[in-house]
Amino acid sequence: MTTLNPNMERNLVTAANDAAGETQAKPYVNPYFAAILLGIVLFLAFFITGSGLGASGGLNRILVVAEDLIAPGHVDNVPYLIDMAGGDRNPLDNWIVFLTLGTVIGGFVSGWRNKRIKVETVKGPRITRETRWLMAFIGGTLMGYGARLARGCTSGQALSGGAVLSVGSWAFMFAVFGGAYALAYFVRRLWY
Amino acid sequence: MAPFPLNLTELLGHWPSYIVYLVIGFAFGYVLEIAGFGNSSKLAAQFYFKEMTVLKVMFGAIIVAMVLIFGATGLGLLDYNLIYVNPTYLWPGIIGGLIMGFGFIIGGFCPGTSLVSAATAKLDGIMFVLGVFLGIFLFGETVGLYEDFWYSSYMGRFTLMDLFNTGVGPIVVVVVIAAILAFLGAEMAEKYIGKMPLAQFGRWRYSAAAGIIVLAFVVLFIGQPTNADKWARMADEQETRIENREIYIHPGEILHLMEDPKITVKMIDVRSETDYNIFHVLDAKHIPADQIQSYVGEFNLEPANTVFMLMSNDEETATEAWRTLIAESVPNVYVLEGGVNNWVSIFSDKEFVTSAQVPDHAADTLAFAFPSALGSRSPAADPNPDVYELEYESKVVLELKRGPASGGCG
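If you read the protein sequences in the order shown, they are chains A and B.
Take 24 as the starting number for the first sequence in the numbering used here and just add one per residue.
Take 81 as the starting number for the second sequence in the numbering used here and just add one per residue.
Same shape as in the complex, but just chain B (with noise of 0.2 angstroms):
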């Protein structure tokens, strides 16, 4: 497993581990200070096309941190499942965009910078900030007008690799293409608009864009890991929990889990339709074994609370499903032990489990023959937890979750 990002939690404690928050958010306000952002006139000379460091400082840091960033997780150093990438609800950010847009050239400032300015004692910054606070109260006190609107267009983790159905290299490339020419294009506004003498920025720019440009075809070139690279690295730590039997969790802990108002168990079925549809534990939902890696983002936007149990007929399948699951860093997922043929047996009456049961089933099909497809109107679907005294070990240990379930501004 990719050792970064760190669990913090875990390895300082839950308050001391804000201490590298505080270390964080000091570096990141005193290099906004020293690239004048404490400064509104700095900053409002962006839209004038006069002075265009705005462009320069955000564009350039976002390529900067973005190829580091696609290079460690290239390496297998960096985990990019586990970092936050923010949600997508398409039409409340543009919006909400086009608004902070008119408060940036109204008030001079975004909500960091103000902060650093009215720390440097601007007046006008420590206005701002007041004002920050009455829009955000105003926000809290309205949102319930339109909340709708609020959650409409959610794509979830959508990322520009979604959108243009390529790799990361190719968008990193591009990216940072593009940057090069918008500083290019920058550069010439403030020579011819703000009449700005360009030797002042030095001649170590070039050889910096150069470089950059090197550094994301070497992201192109390293590529990302797949699941089998991520699998190849844990294979040996893993195998031995499916050897010892870690993962598997008996129907009765399932049972138990499910009346714990304190988790929420995710069911998920990995056969196929037709099987899904002759029987199927109730609330378990469909998703076929080779459609699972697309969840991955889904699932690892649940709450630090959500368990995964996957199940197919036997084990074999849902153990498939399992291993593509972990390699993604996907917390919490086990396998229902003896699949959807042992939970039948459990909870049909037995007059049906001799009945219906088939002889020699192949490994990983129905070993029950239903009568008609039942989907989840079978009782054994939905077994009552208190007819039954089952006795088994507990096996599931809630993971304390690694990267933050929320960003910047949640």
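Only chain A is shown next, with the shape it has when bound in the complex (with noise of 0.2 angstroms):
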């Protein structure tokens, strides 16, 4: 056979391109099979578990660990800590650790089929790298007080709370988009 089957010469030009360093990253899904795909999942965690999701409960608790490690006296004087942390309980010792754990591995397997994982930043065309993460970080200092003063985050107060009427979410989650929405404006430059 002279001619070449034409699976294969898919793979040696994706071969050749990745060699060249020139992997094209698949596009996202359509946002309404995405959306499907998260109500199922959402769906499955409070079917078998009985609660949904969440992120920013896992990251407090392995700050703690590293809070205890660092300070553990301290841990041991703040009630909010305490009650994760305190004397020989383990703040690891939680199902929303393993959840996030989860997510990080999820998101990077996705990444990594869909040849989405690459070192870069991703900005607007007015600002630096710099700029960049500084508002990144800024940014995540916010949500992060954010999601603790309101008991929650997008996943586990928007999106698990929402799915079964909890009224508190829905005020929290319209919260959000006001605040997002009454700043956007005056930080345009950021993104255009």
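Take these hints with a grain of salt, some might be off.
[Unchecked claim] Cut-off 30 angstroms, straight-line C-alpha distance, at most; resulting in silico cross-link-like pairs (BS3-like, lysine-lysine): (1) B:K275 <-> B:K346; (2) B:K346 <-> A:K49; (3) B:K130 <-> A:K141; (4) B:K346 <-> B:K475; (5) B:K342 <-> B:K365; (6) B:K130 <-> A:K138; (7) B:K430 <-> B:K365; (8) A:K138 <-> B:K122; (9) B:K122 <-> B:K365; (10) A:K49 <-> B:K122; (11) A:K49 <-> B:K271; (12) B:K475 <-> B:K365; (13) A:K49 <-> B:K275; (14) A:K138 <-> A:K49; (15) B:K365 <-> B:K346; (16) A:K141 <-> B:K122; (17) B:K342 <-> B:K430; (18) B:K271 <-> B:K130; (19) A:K138 <-> B:K342; (20) B:K130 <-> B:K275; (21) B:K430 <-> B:K346; (22) B:K271 <-> B:K122; (23) A:K141 <-> B:K275; (24) A:K141 <-> A:K49.
By construction, these hints were calculated from the structure, which means they are not laboratory data.
Dock chain to chain to rebuild the complex, using the hints, since each chain is given by itself in its own frame.
Written out as structure tokens, the structure is:
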């Protein structure tokens, strides 16, 4: 046989691109398709375990481990931290930690399969990389603070609580969107 | 009893049960990544009406999950009482939400999406995650300054059904229709502001929209099980427990439990207000039997080491209240053996027991004539456990709690 099977040909091309560092990232999926998948994941989480999804709780507990290593006495003096790590309590002994770990692994595997793992900084055209990093850090700090104050983040409070029709979660969701829309105009140079 | 959610700890053991969460987290992270949520410019575009992926994916996931959840509870597969519904702390939630909204547009992520971004080696995502750690740290250090506010406007397990005083079905239908309208609006924004060709979203989305509206009406049509429906499903098994008297706890065991620092005993007096005022056990909370169902949400939020002890004058009314609570999946509910009458006859002095006894008292009425309404001031209301040598058979066994006591951010 002299002609290459088309599949093989494509594989060769991809391999050549990989070698040349021209890996083509696959496009993101249709948002409605993603919505349905995410809805099913969220439903299964509630159906099997009785609770929804989350992220900031897991980060919180990982942080508490670090605090407990550096300053165990301090953890035992702050009521908010004692709950998680006071005395011989292990802050990692909680389902949310494993959910968070799974989220990181899932994101990595998807990025790897779809060729989107790339060391880069996603930013608007008018700002430098350093500005973007600083803004990401400041935004993250606000997010982390707000998420603890509101007892939940976009996933644990808005998505999960929204699906099971909690009033507080709906109020929270409108507040997040409201806050972001209110400020968007003033920081538009960050993005466009 | 509805088979779901599963009691994972009982099924798999403590640490192995976490594997389930690892798998769910994996699916969560995977879906976030393929949706494009690891990319901050895609997320930020939402707030300039250029690309509405955030709204579509979030609101879309909410309505899909909601319809499936309430379809499952309607069919009796899933128990809504065992599902974690974020308790409402209204103002801390709103203020925290506004701060997060600012963080969202400045930083370009929310905590979950930043994890996915960092996992795919985006440097802005990594910086954001570090910022989140700092924010959480600062919260831990400063919440003590305004703790009163943080615990304020607490409304417990408060749902849209409670707010609008209606059933699950109408809420589900309205939320689904509102979401579809929001998607229409979002597509208009994408078309005119984002200059995006809408054909890329596929014609199938119209069928999907029609499909979810139909499902919402199915949820409305099948409705949700009432307390009687739930009881009917478990009656066989539970009536046997009543017949075998497994649920009736001797006063001696109650005194013993109250001494146990690892257990919280909540005494609930389901009698009339008059009887309660005449005599009640110290710390017993008065909840008339016909109102007990409205306390289910509150009881289900209590820690796993809480034992609920129901009492009426004899046992009849308390047993009926027991059926109501058991049908609603409240864990560790028991009934005071022999009721308040038995309690009074054990813990009052002999003279009072013989002189004050009402001959042939009607079923479930007070068997003693108290000289005045003593409430909990009678010595029998607060017996000293060291004085009494009571023989009893221990019956209380703490159940492993199904369903978590905290949400994804606790």
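Now the hints, each set against the structure:
1. B:K275 <-> B:K346: It is violated: about 62 angstroms lies between the C-alpha atoms, which goes past 30 angstroms.
2. B:K346 <-> A:K49: It is violated: about 58 angstroms lies between the C-alpha atoms, which goes past 30 angstroms.
3. B:K130 <-> A:K141: Measuring from Cα to Cα gives roughly 25 angstroms; hence the hint holds.
4. B:K346 <-> B:K475: 16 angstroms, holds
5. B:K342 <-> B:K365: The hint holds at about 20 angstroms.
6. B:K130 <-> A:K138: 25 angstroms, holds
7. B:K430 <-> B:K365: Distance ~27 angstroms between B:K430 and B:K365 Cα, so the pair holds.
8. A:K138 <-> B:K122: 17 angstroms, holds
9. B:K122 <-> B:K365: 54 angstroms, violated
10. A:K49 <-> B:K122: Given that 30 angstroms is the threshold and the Cα spacing comes to 15 angstroms, the pair holds.
11. A:K49 <-> B:K271: This hinted pair holds, its Cα atoms lying about 24 angstroms apart.
12. B:K475 <-> B:K365: 22 angstroms, holds
13. A:K49 <-> B:K275: Within the cut-off at roughly 22 angstroms; holds.
14. A:K138 <-> A:K49: 7 angstroms, holds
15. B:K365 <-> B:K346: Satisfied, since the Cα-Cα distance of roughly 8 angstroms is no more than 30 angstroms.
16. A:K141 <-> B:K122: Holds, at about 16 angstroms.
17. B:K342 <-> B:K430: 33 angstroms, violated
18. B:K271 <-> B:K130: Roughly 8 angstroms separates the two Cα atoms, so the pair holds.
19. A:K138 <-> B:K342: 53 angstroms, violated
20. B:K130 <-> B:K275: 8 angstroms, holds
21. B:K430 <-> B:K346: Answer holds: B:K430 to B:K346 is near 28 angstroms, not above 30 angstroms.
22. B:K271 <-> B:K122: 16 angstroms, holds
23. A:K141 <-> B:K275: Holds. A:K141 to B:K275 sits at ~28 angstroms (cutoff 30 angstroms).
24. A:K141 <-> A:K49: Roughly 13 angstroms between the alpha carbons, so the hint for A:K141 and A:K49 holds.
Going down the numbered hints, you'll see the structure goes against 1, 2, 9, 17 and 19, while the others check out.
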